[in-house]
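Trainee: Below, each chain spelled out in residue letters.
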Amino acid sequence: MTTPTAVALEDAKVAFRLGDGRVYTAVEKAHLAVAQGEFVAIVGPTGCGKSTLLNVAAGLLKPAAGSVRIFDQPLAGLNRDAGYLFQADALFPWKTALDNVAIGLEIKGTPRSEALPRAQQWLTSVGLGAFANRYPHMLSGGQRKRVALAQVLIRDPKILLMDEPFGPLDAQTRQVMGNLLLDLWNADRKAVLFVTHDLEEAIALADRVVIMSAGPSSRIIGDWRVSLPRPRDIFEVRLDKEFHSLHREIWSVLKDEVMKGYEQSTHAKETV
Amino acid sequence: MSRPTLLALQVLVAVVCIVLWQVLSTVPVFGKILLPPFFFSNPFDVFSQIVKWFASGVIWKHLGITLAESILAFVIGSLGGVLVGFWFARQPLVAAVFDPYVKMVNALPRVVLAPIFALWLGLGIWSKVALGVTLVFFIVFFNVYQGVKEVSRTVLDNGRMLGMSERQLMQHVYWPSALSWMFSSLHTSVGFAVVGAVVGEYLGSAAGLGYLIQQAEGIFDVAGVFAGMFVLSAFVILIDFGVTLVERRLLVWRPTASDGRG
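So the sequence lines, in the order shown, correspond to chains A and B.
Residue numbers for the first sequence follow this note's numbering, so the first one is 1 and each next one is one higher.
Residue numbers for the second sequence follow this note's numbering, so the first one is 1 and each next one is one higher.
Source of the hints: derived by calculation from the structure; they are not laboratory data.
Idealized CB from N, CA, C, for every residue including glycine.
Treat each hint with caution, since some may be false.
In silico DSSO-like cross-links for lysine-lysine, where the CA-CA straight-line distance does not exceed 27 Å [claimed, not checked]:
(1) K13(A) x K62(A)
(2) K62(A) x K29(A)
(3) K149(B) x K62(A)
(4) K29(A) x K241(A)
(5) K29(A) x K108(A)
(6) K149(B) x K95(A)
A few chain A residues facing chain B, derived, Cβ under 7 Å [to be verified]:
(7) A90
(8) P93
(9) W94
(10) G104
(11) Y135
Let the sequences and hints guide you as you build the complete structure.
Mentor: Here you go:
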């Protein structure tokens with residue numbers, strides 16, 4: 001018996017209608033499958049539509065063509081099996097860290113008296129046990145990400161969608177957060193779709209790295225398997241020889257796209 | 001600057017002003033009194049007037065009436081502003097249709113409505129409450145409208161992805177956001193509630209601080225006018241202080257300006 005694929009995009013095309021009536025195609029013919037328990041990273045130059053693809057998997061965006069299947073079921077509306085970690089701050093600023101985490105359960109109808117202790121446990125497991133009563137603005141960027149991670153994970157989603165979640169953080173904090181993510185993920189191995197522009201981060205975290213071409217009409221142009229042993233430590237894995245050869249191999253493809261994407265974005269600015 | 005020094009300087013300003021006022025209105029300079037008592041009274045008379053009001057207890061009735069009018073105007077205006085603000089923000093069509101009328105009514109100086117309200121609602125407290133409501137309503141309305149419209153897209157999407165229903169989004173996202181905007185304008189709206197009450201009283205009433213001032217003016221009792229003004233100022237400062245306390249309690253989650261980490 002084959003296990004169902006957690007996320008399957010088949011020939012997905014995403015297009016937006018621009019203000020002047022033209023249609024902008026962000027992503028074309030995207031074919032992507034994430035197996036259960038698999039950690040897939042999508043890497044691409046800025047503006048290649050990798051976040052767009054993630055939003056399609058989340059059900060926040062409807063594909064213009066093609067299909068989205070979640071556990072072999074066609075996706076209608078929002079993806080209820082998925083937890084989504086946003087790039088920007090998405091915590092509720094008027095709730096304390098504890099309430100922000102507990103809300104994930106309260107929405108489902110869990111009584112508050114039951115949700116709060118579990119939220120406290122989750123805060124502790126992301127290393128913020130002592131910060132339960134802080135409001136988001138009293139936390140650092142990295143701490144806010146930890147709360148956001150706990151907020152998503154407390155619901156125990158089967159799929160984790162992450163949109164450059166550590167993008168706004170400084171280099172060291174990113175690595176610490178990457179290790180935290182791997183530790184938490186190791187416990188129950190959810191299917192993960194992780195979007196980033198950082199190739200090193202992608203290789204260090206993922207089982208598979210998918211490369212997208214520069215937009216518009218970007219496509220998936222490469223798919224590499226990362227066979228580095230698990231559990232991994234992000235600090236250590238970067239010193240691995242296999243890491244380096246893989247990085248060189250993928251970068252040779254990615255580099256051209258990055259340059260193309262860069263030229264397009266500067267060109268677009270000139271014509272505006 | 002340390003707190004006591006600041007306080008001392010602040011008191012000094014008041015002392016200098018009062019002394020100057022007292023001296024210039026009683027002692028002739030080059031044979032001429034610069035502040036004729038008929039127009040400017042003097043601090044001593046004003047103070048004794050205030051003492052007389054409080055000693056006889058007559059002031060409490062007027063303060064009570066003005067306070068009641070202000071509170072009613074604030075509560076009714078806020079309630080209306082929140083409801084309509086929410087409605088407009090969630091129904092863009094309604095907002096678009098009513099937009100020119102909202103702007104028109106808001107552009108109208110509210111004082112001109114006072115005679116109408118006096119005609120409709122009589123000289124009792126309700127015509128003053130109505131005037132205050134027209135002032136408070138628009139401040140709260142615009143803020144709530146803004147608050148609901150400007151809910152962060154990410155926070156909203158996050159709520160959706162966490163599985164919130166429309167009703168839960170209302171409760172956990174739109175409502176707190178709108179309230180925070182409303183509370184941030186609390187000082188202004190409370191201030192306007194008092195303005196509405198006092199101006200209404202001044203233009204026609206039988207009680208209240210505005211009435212006291214208007215009565216004193218009617219008999220050229222300048223000391224009375226000044227006394228009324230001082231009591232009114234103290235009254236507003238007290239209310240404002242109360243608002244600050246409420247605000248501190250309700251907006252703890254908000255970053256303050258001095259907090260760099262926004």
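Trainee: Decide, hint by hint, whether the structure agrees.
Mentor: Outcome of the hint check:
no.: 1; hint: K13(A) x K62(A); in the structure: 9 Å, holds
no.: 2; hint: K62(A) x K29(A); in the structure: 14 Å, holds
no.: 3; hint: K149(B) x K62(A); in the structure: 23 Å, holds
no.: 4; hint: K29(A) x K241(A); in the structure: 34 Å, violated
no.: 5; hint: K29(A) x K108(A); in the structure: 36 Å, violated
no.: 6; hint: K149(B) x K95(A); in the structure: 20 Å, holds
no.: 7; hint: A90; in the structure: 4 Å, holds
no.: 8; hint: P93; in the structure: 6 Å, holds
no.: 9; hint: W94; in the structure: 4 Å, holds
no.: 10; hint: G104; in the structure: 6 Å, holds
no.: 11; hint: Y135; in the structure: 4 Å, holds
Violated hints for the displayed structure, listed by number in ascending order: 4 and 5.
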